[in-house]
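Novice: Take a look at the letters that make up each chain.
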Amino acid sequence: MPAGLLGIEELERAEIEAILARAKYFQPVQSQSLKKLDTLRGKMIVNLFYEASTRTRTSFEIAAKRLSADAISITASGSSVSKGESLVDTLNTLAAMRPDAIVMRHAASGAPHFLARHLPTPIINAGDGTHEHPTQALLDARTILDHRGTLEGLRVAIIGDIAHSRVARSNVHLLARFGADIVLCGPASLLPVELAQLAPGVRLTTDIREAIRDADVIMMLRVQLERQHEAAFPASEYFQFYGLRLEHLDLAKPEAIVMHPGPINRGRELSSEVADFQRSVILNQVENGVAVRMAVLEKVIGPGAGSQGPGAGERQ
Amino acid sequence: MSIVIKNGRVIDPASQTDRIADVLIVDGRIAGVAPDLSSPKAQVFDATGMIVAPGFIDMHVHLREPGFEHAETIESGSRAAAAGGFTSICAMPNTKPVNDSATVTSYIVERARHKALVNVFPIGAITKGSAGEELAAIGAMKAAGAVAVSDDGLPVMSARVMRRALEFARSYDLPVIQHCEDLHLSAGGDMHEGAQSVRWGLRGIPAAAEDVMVARDLVLAELTGARYHVAHISTRHAVAMVAYARAQGLPVTCEATPHHFSLTDRAMAPYDSNYKMKPPLRSGCDLRAVVEGIAAGTVSAIATDHAPHPGSEKMQEFERCPFGIIGLETAVALALEELVHPGRITVNRMVELFTTGPESVMRLGRGTLATGGAGDVTVFSTEAAWTYDVNQSFSRSRNSPFHRRTFRGGPMATVVNGELVWQK
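Going line by line, the protein sequences match chains A and B.
Residues 105 to 420 in our numbering are what the first sequence lists, from first letter to last.
Residues 47 to 470 in our numbering are what the second sequence lists, from first letter to last.
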């Protein structure tokens, strides 16, 4: 299998640390007047998005361009996908054009893993179904580090539609590598008991107050109505029981931060006041998205990528 | 025309035979089982060190003809059956058109007569088009050669329709084979619901989807007194309920597939559709219950649920791939590896599960070496080492999770109606 990035679950702690360190190095680049580095000059990256996405796709495009790679983006509508070409045929066609990496988002869990078995090109998972969204977890970790200085031993509450959340899964795998105490919270029908087996240090609760109590980090998830194949909970009372409101924040640690992968639904999973709250770091997450994706692209196809051993090529 | 199979250990559960002997077949019929048999001009097969058994029966096979000949044909499927040690196979009705009429049943019987290497017995649909609503022409299909009815691949969701089907099938003395799956509980699911499905973000098929259907059907089986058979049993509760019904004296039976006694959801390669089937690979707890059911006699038959799909259909996103794997060529070896070698059952019990067991459900008039019976014989080894290469399969499809698996023991020769149709 070529070296890509399919999920956090496959990564060693040292590899995660290396990516986060490089992301920190790339942070100042975002505010420089000259924002381009030479790292990936001459490399070609295909962004293949089978599912609508504005921020992740844009973020990957900007990351590629800041590293001087050529990036093209293909979205499912208006391509051969809508003409009925199979996934494997589309990817074979693209691979024949010799890109250095394919960044892929797909609505089916495991679609990038399936392709990675059949294609020589490294694949970077930009979100697969309800499975993983590794770069989101990495940018969340970078954001937590920026505000709290460490991931070690933090208490993190993840609240919302956990069952259908790839963001939650990737974050659980990442935070568990650092010994975080993770509380997953949501309506019982969106909180399968098996989630507790995802990683060490994971607890489940259906009570938002219990989840938030003494939390260092509160991660709110988007309520994914588009992934709701049935009425697993009465939507009318979601906000009442699982929406984050200002008064909840009194239960958390005083320095606790509020995160959200976006796009936010004001009044559905968090109140408007919380979205604009001073310790809400939602925009920092977006900003870190570019830096983290630069670090990931560099790791996968930068100088030194492909050499053996974890962490190889993270510093030049 | 005659053939004599020499010096094998003859295991014939029907006559409680287990001894070194020769088996002589003349003109397609068993002429005798005894030491030092011979017949002038008889073909000789030396089975020294091997086991000689009545021809194995696989009561659950998808041959895909008519309609899906790109996946399998009666000819290719029967070749795979012969190479797997099976002399008789029962063909599920989910073809195109569905085998829900005497016309289709007769077509399958005719095609098999010309093309098949082994005996093919059609199973008719329970409902028209297997749509679960209107009963199919069960009596006419029986007259044309159908040996059972099933809507396999789909369950009969309506309890009322199922009740009528059981009543009707009873009047024709046909078993009703149910694919037990509550479609409301399983809707959208792609694998067993458990820690693994949650980890991989795949939608789950809960064990309860099978359990509630088995529970409902057992109540209806008691109500109607019909012969009722649970296909590919996969959960611990289903095994317990069937055991209970049998203890009550109901004419209830079930079968287990090799993959359900060999693999669990934890053994799946990530997002590899060669591990995707219905019912899905279950938990270790369920697998142990299936094995215990096999050992205890709750499970009457090992059946493969051989379900060919061409590569183009299996080479997709996991959630888009069709359900099912091929299994004819690996069933005997898996039974040896997973059941006999670890001491869960004796080799004699294994032979029952492939002969008298399915015969008791389907009543094909096979499964014994009694003199005058059909000259169907399966010769297998418990020791010969071999490696399964799916690319060498006689099936037209390649969807097996057992590719490159090494085995100790497997089929050595297959004799159908006195003719040596395959040997290793």
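To be clear, the hints were calculated from the coordinates, so they are not data collected in a lab.
Take these hints with a grain of salt, some might be off.
Residues of chain B placed beyond 10 Å of chain A at every Cβ, according to the derived structure [claimed, not checked]:
| no. | residue |
| --- | --- |
| 1 | GLY240 |
| 2 | SER243 |
| 3 | MET361 |
| 4 | PRO368 |
| 5 | LEU466 |
Not the full set, but computed from the structure, chain B residues with beta-carbon under 8 Å of chain A [what the hints assert, rightly or not]:
| no. | residue |
| --- | --- |
| 6 | TYR317 |
| 7 | GLN362 |
| 8 | PHE364 |
| 9 | ARG395 |
| 10 | PHE448 |
Think of the CB as a built atom: it goes at the ideal place given N, C-alpha and C, for glycine as much as any other residue.
Novice: Run every hint past the structure and note whether it holds.
Specialist: Going down the list of hints, with the structure as the test:
Distance check for GLY240 of chain B against chain A: the nearest CB is about 6 Å away, which does not clear 10 Å, and the non-interface claim fails. Non-interface status of SER243 of chain B relative to chain A is broken: a Cβ of that chain comes within 10 Å, the nearest being about 8 Å off. Not every Cβ of chain A is farther than 10 Å from the Cβ of MET361 of chain B; the closest lies at roughly 5 Å, contradicting the non-interface assignment. No beta-carbon of chain A comes within 10 Å of the beta-carbon of PRO368 of chain B; the shortest separation is about 14 Å.
Interface exclusion of LEU466 of chain B from chain A stands, the closest Cβ pair being 41 Å apart, more than 10 Å. Taking 8 Å as the C-beta contact cut-off toward chain A, the hint placing TYR317 of chain B at the interface holds, the least distance being around 3 Å. At a threshold of 8 Å, the smallest CB-CB gap from GLN362 of chain B to chain A is about 6 Å, leaving the interface hint in force. Evaluation of the PHE364 of chain B hint against chain A yields a held restraint, the C-beta minimum of about 5 Å falling below 8 Å.
Look at ARG395 of chain B: its Cβ only gets to about 35 Å from chain A, farther than 8 Å, so that hint breaks. Given hint, PHE448 of chain B at the interface with chain A, is violated; its Cβ is 18 Å from that chain's nearest Cβ, farther than 8 Å.
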